[in-house]
Amino acid sequence: MNAQSTSLPHSGVPTFQFAARSDTGQVRKNNQDSGYAGAHFLLVADGMGGHAGGDVASAITVSRLTFLDEADHDGRVLDDLKAAILAANDQIGRAVGEQSELAGMGTTVTALLQAGDRLALAHIGDSRAYVMHKGEITQVTQDHTFVQMLVDEGRITLEEADTHPQRSVVMRVLGDVGAAPELDLSFHDAVPGDRWMLCSDGLTGFASMQDIHDTLATVADPGDCCEKLIELALAGGGGDNVTVVVGDVLDPSDDVDIDDFGEAVGSVRVNPSYALLGGQDRDSTDTSQMDVIFDEVEAPTVPIEGLSTPPMEPPRAAASESDDTDTAALASPAATAAATANRASADDADDTEAPADGEAVTAPRSARSAVRDDDHWDEDADLADWGDEPPQRRRPWITVVIAGVVVLAIVIAALSGWRYVQSQYYVAAADGTVAVYQGVPQSLGPIELSSLEQSTNVTVTDLSTFSQQRLQATIPADSRDAAIDVVDTLRAEATRNAGAAASETTEQTGEDPAPSPSGENGVSGGVADESETTGAGNGATMDRGEAER
Numbered sequence: 011m012n013a014q015s016t017s018l019p020h021s022g023v024p025t026f027q028f029a030a031r032s033d034t035g036q037v038r039k040n041n042q043d044s045g046y047a048g049a050h051f052l053l054v055a056d057g058m059g060g061h062a063g064g065d066v067a068s069a070i071t072v073s074r075l076t077f078l079d080e081a082d083h084d085g086r087v088l089d090d091l092k093a094a095i096l097a098a099n100d101q102i103g104r105a106v107g108e109q110s111e112l113a114g115m116g117t118t119v120t121a122l123l124q125a126g127d128r129l130a131l132a133h134i135g136d137s138r139a140y141v142m143h144k145g146e147i148t149q150v151t152q153d154h155t156f157v158q159m160l161v162d163e164g165r166i167t168l169e170e171a172d173t174h175p176q177r178s179v180v181m182r183v184l185g186d187v188g189a190a191p192e193l194d195l196s197f198h199d200a201v202p203g204d205r206w207m208l209c210s211d212g213l214t215g216f217a218s219m220q221d222i223h224d225t226l227a228t229v230a231d232p233g234d235c236c237e238k239l240i241e242l243a244l245a246g247g248g249g250d251n252v253t254v255v256v257g258d259v260l261d262p263s264d265d266v267d268i269d270d271f272g273e274a275v276g277s278v279r280v281n282p283s284y285a286l287l288g289g290q291d292r293d294s295t296d297t298s299q300m301d302v303i304f305d306e307v308e309a310p311t312v313p314i315e316g317l318s319t320p321p322m323e324p325p326r327a328a329a330s331e332s333d334d335t336d337t338a339a340l341a342s343p344a345a346t347a348a349a350t351a352n353r354a355s356a357d358d359a360d361d362t363e364a365p366a367d368g369e370a371v372t373a374p375r376s377a378r379s380a381v382r383d384d385d386h387w388d389e390d391a392d393l394a395d396w397g398d399e400p401p402q403r404r405r406p407w408i409t410v411v412i413a414g415v416v417v418l419a420i421v422i423a424a425l426s427g428w429r430y431v432q433s434q435y436y437v438a439a440a441d442g443t444v445a446v447y448q449g450v451p452q453s454l455g456p457i458e459l460s461s462l463e464q465s466t467n468v469t470v471t472d473l474s475t476f477s478q479q480r481l482q483a484t485i486p487a488d489s490r491d492a493a494i495d496v497v498d499t500l501r502a503e504a505t506r507n508a509g510a511a512a513s514e515t516t517e518q519t520g521e522d523p524a525p526s527p528s529g530e531n532g533v534s535g536g537v538a539d540e541s542e543t544t545g546a547g548n549g550a551t552m553d554r555g556e557a558e559r
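Residue numbering for the sequence shown is 11 to 559, as defined by the working numbering.
Simulated from the structure, these hints should not be mistaken for laboratory data. For glycine and all other residues, C-beta sits at the position ideal for the given N, C-alpha and C. Each hint should be verified, as a subset may be incorrect.
Ranges between beta-carbon positions, derived for each pair [what the hints assert, rightly or not]:
1. 197 x 408: 49 to 59 Å
2. 482 x 511: 20 to 30 Å
3. 109 x 189: 17 to 27 Å
4. 167 x 145: 22 to 32 Å
5. 465 x 203: 49 to 59 Å
6. 465 x 513: 21 to 31 Å
7. 451 x 414: 17 to 27 Å
8. 85 x 419: 44 to 54 Å
9. 85 x 234: 28 to 38 Å
10. 126 x 439: 31 to 41 Å
11. 408 x 194: 42 to 52 Å
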């Protein structure tokens, strides 16, 4: 449902005539995208993390930023936009603290905020912002992906990037990823007549740039334009969620009816309760402290927790506060019990009185022996601390324990890696037909990390060139059912193409083609007990984990 349209009073500055649309696609089970469009603000967030909460991360982000959709931003608009995005990042972190099963969730963010005759753009991830100026379309943002890095380094071409096996690996995102988000920030002119389009990779991954350009250039109404763009993505396979936001820059003198309320789409609209996770009263946030914090997080290696680090205090007090903060952030019974046990152990070990002013704080005797200063070591005193057995006799046990822990960690990591590989699937060509493989299309020395799971009789030559290229690069799937969905989509495409070829032959020869031995549709069976999907295209999926979709 669209918001009610009214004629907003002219403010003397450009505004957007806007629309937003989102679709789950033909393969995904839920929509992890969220989007927003308003008179002064456009936003797309593409969540990631699979079942770990990509839909939660995008919903939190969009709901946290929509308050920016107002006309009275000043020269600090870029700082305001950055501050709001980092606050959304903090809320995602708190949500993970409340529900540990959401660990690792993240989202892209591409946001465009109008301030006077300028537009502030913030970007992180692989969603995109385009502007159409005088009929020419330009990509304004740069993807923060592994393949884009390879392109920038001259190691692959743009054409090779489109079919690269790691094309979905995202290098920079917002969320629970262990590092402060590194945003691309820029200013652009708000030129009346320009059309801005923000989208998730579900559009650009399945529709050609020529079709996108033609649609933006010919479909005048922003809402109709969004719907047409989504139709293009679905026709191209619809293997991912797709979200499109369009904003036309209006001249202040234009008498155009625009919505008086913004429009939210995707997960944030379907699951409004997600926005409450990790939330706190925005009005109570100390924005002056935020300004200082934001100046300190430019380095991408600063941990997210550093965004809320308290002022420096004496070492003993600071350590105590840090323990309390970490325990509260984790909000997990196991973590709370561990922290309580650590404090109790420390209290039991510290059986000496507090030192008087001016005295040094000393560690317990055993610790003092382990980290002693060789220049001031009293051998008799330290040996007395240990009794008749010197400390050297205990060190081999420590070595054995450490070695055992390392070996156990290696074994666990290897088992976890193998289990992960066995949980993955992909679709590729095998002897001229489409096939489903279990594992990943890689090898570890002489060991192949995949095996043939299911053969089909879908002939590769019956598919479009685009689908054949995707098969050659392999189409990843996060489950066997998802792989079967891809096969069904390809079977439907092959059936249509075969039927079209037969019709063309009939028209040329004037005779009915011989019936196909494979069945009514020219192809049969394939994967047993699976119904054909009605979607068109190649059905490729864009599966992403912590930083891969």
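Inset, instruction - Against the earlier hints, flag every one the structure doesn't satisfy and list their numbers going up. - result: As far as the earlier hints go, 7 and 10 are violated by this structure, in ascending order.
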